Amino acid sequence: MRVSTATHRANDDILRLVRKGCVVFTVGVYILLVPFSCLIFAALYLIWRPTPLARLRRTQALVSLGYRTMHRWLNLVRLTRWDMSRPLEKVPEGAFVVIANHPTLMDVTAIMGLLGGACTVSKPGLHKRFVLRPILRGSGVIAGAGGDPSAAARVLDEAVALIEQGFPMLIFPEGTRSPRGELLPFGRAAFEMACRARVPVLSLAITCEPAWLSKEQPLFDPPHQTPHLQLVTLAIDDPARVDYDSRQLCRLIEGRYQQWFRGLQPEISAVEPEMHNR
Amino acid sequence: MTDTLEDDLKVMIVETLALEDVDPKSIETDAPLFGEGLGLDSIDALELALAIHSKFGVRTKENDERNREYYHSVKSLAAFIREEQAKAPASGA
Chain A
1 MRVSTATHRA NDDILRLVRK GCVVFTVGVY ILLVPFSCLI FAALYLIWRP
51 TPLARLRRTQ ALVSLGYRTM HRWLNLVRLT RWDMSRPLEK VPEGAFVVIA
101 NHPTLMDVTA IMGLLGGACT VSKPGLHKRF VLRPILRGSG VIAGAGGDPS
151 AAARVLDEAV ALIEQGFPML IFPEGTRSPR GELLPFGRAA FEMACRARVP
201 VLSLAITCEP AWLSKEQPLF DPPHQTPHLQ LVTLAIDDPA RVDYDSRQLC
251 RLIEGRYQQW FRGLQPEISA VEPEMHNR
Chain B
1 MTDTLEDDLK VMIVETLALE DVDPKSIETD APLFGEGLGL DSIDALELAL
51 AIHSKFGVRT KENDERNREY YHSVKSLAAF IREEQAKAPA SGA
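Respectively, the protein sequence lines represent chains A and B. This note's numbering applies: residue 1 is where the first sequence begins, and numbers increase by one. This note's numbering applies: residue 1 is where the second sequence begins, and numbers increase by one.
These are computed hints drawn from the structure, not numbers from a lab. It is possible that some hints are incorrect.
[Said to hold, decoys possible] Below are the DSSO-like pairs computed for lysine-lysine, each with C-alpha atoms no more than 30 Å apart in a straight line: (1) K123(A) / K61(B); (2) K123(A) / K75(B); (3) K55(B) / K25(B); (4) K75(B) / K61(B); (5) K215(A) / K128(A); (6) K25(B) / K75(B); (7) K87(B) / K55(B); (8) K87(B) / K75(B); (9) K25(B) / K128(A).
[What the hints assert, rightly or not] Here's a subset of chain A near chain B, in silico, CB distances under 7 Å, partners left out: (10) A145; (11) D148; (12) P149; (13) R188; (14) A189.
Only a predicted model underlies this, so the values are computations on that prediction, with no experimental measurement involved. All residues carry an ideal CB built from backbone N, CA and C; glycine is no exception.
The task is simple: from the sequences and hints, build the whole structure.
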C-alpha cells in the first residue's frame, strides 16, 4: 500500500513536470512568434485597402483563427480539454452584446475563437503600450474607462458605434476575473450598451475545472488534472422586455447567473480536494 | 451647516441613481462610492457626473487623472465641487 502511494506520488510529480514543460514550451513558441505575427498584421494592414470596416472584420477573423489554433494546440498537448466542435447555442443573427463570467484567461480567447471575432473593452493601461495600441485598436478593442466617469461616456459611445456597425461586443460584467467560488457584482456597462444599441444580450456560462489561469492558479502552475473548459449559452435577452432599462436588465441577468452559480457549487467543491492535495 | 453640500450630494446620489433601498442619511461621507462601498459602477459614475454638471454647474473633465480621486466618496466629491465653484468666478473675472 505504501509502495503504491509512493509510486503514485512519483508518477504525479513526473506528470506535473511534463505539464509545466509543455507550458514553458508553449509560452516560448508564443514569444518567438509574436514579432512575426506583428509583421504579418502590419503587412496585411497595408495590403488590405478596403473600407476601415471591412479591414476590422478581416483583422478580427484573423485574430479568431489565431485563437482557435492556440486552443487546438492546448488540446493537443493536453494542457486543456475543450470540445471546440460544439457550437454555441442560440447565437443571434447580426450584432449583440455577449457577456460571461470570467473564471480563466482562456475564456476570452475561446469566446473570440467561437464567435469568429468580436470587439471588447480592455484595461486602459494596455492601450498606453506603444506596440500594443495599434494592434488593439485595429482589432476593435476599446480602451476602458478605468474608473473615470467622463471616460465612461466615451467607452459607451465607441462601443455602441461598433455594435451598430454589426460587431458582437464581448464584456465581462464582473470587470475582472471571477475569484474562485465567487461571482462578483455585475457592472452595468454591458447592459447599457445593449439598451442603447437595442441589441440582444447573449449570456454565456463558463466553467474551467480544475481552475487554471484564474486569479489563484497562475500560468506556470498548471493543475494536476487537465482543466476542462466548457462554454454554454445560459440565455438570450431582448432589452425591449425591460423597456431598455439597463438597471433592470442588469438585475435580471445577474440574478440568473447567481442562480446558475449556486447550482454549480457542489461540482466545484468536488474538484477542490484534488487541488489541495497537489 | 457645513455638511449641507454633502447632504445634498447624498440625496442627489439616491435620486439620480434610483437607489430605492438606500436612505441618503445612511451613506457615510467618507465611505467609498464604488466597489466595496455603495457598490456603484461606471455607468452610475457617468450619470452622477451629468447630474453634478446640471445641478452644480461643475463639469468633470475627460482624461483628468484625478477623476477617480474626486469620485471616491461624498466627501471628495464635495471638495471637488467646492474647488471648481471657487475657480469659476475667478476665471469669469
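Going through the hints against the structure:
no.: 1; hint: K123(A) / K61(B); result: holds (20 Å)
no.: 2; hint: K123(A) / K75(B); result: holds (27 Å)
no.: 3; hint: K55(B) / K25(B); result: holds (20 Å)
no.: 4; hint: K75(B) / K61(B); result: holds (19 Å)
no.: 5; hint: K215(A) / K128(A); result: holds (23 Å)
no.: 6; hint: K25(B) / K75(B); result: holds (14 Å)
no.: 7; hint: K87(B) / K55(B); result: holds (17 Å)
no.: 8; hint: K87(B) / K75(B); result: holds (19 Å)
no.: 9; hint: K25(B) / K128(A); result: violated (41 Å)
no.: 10; hint: A145; result: holds (5 Å)
no.: 11; hint: D148; result: holds (4 Å)
no.: 12; hint: P149; result: holds (3 Å)
no.: 13; hint: R188; result: holds (4 Å)
no.: 14; hint: A189; result: holds (5 Å)
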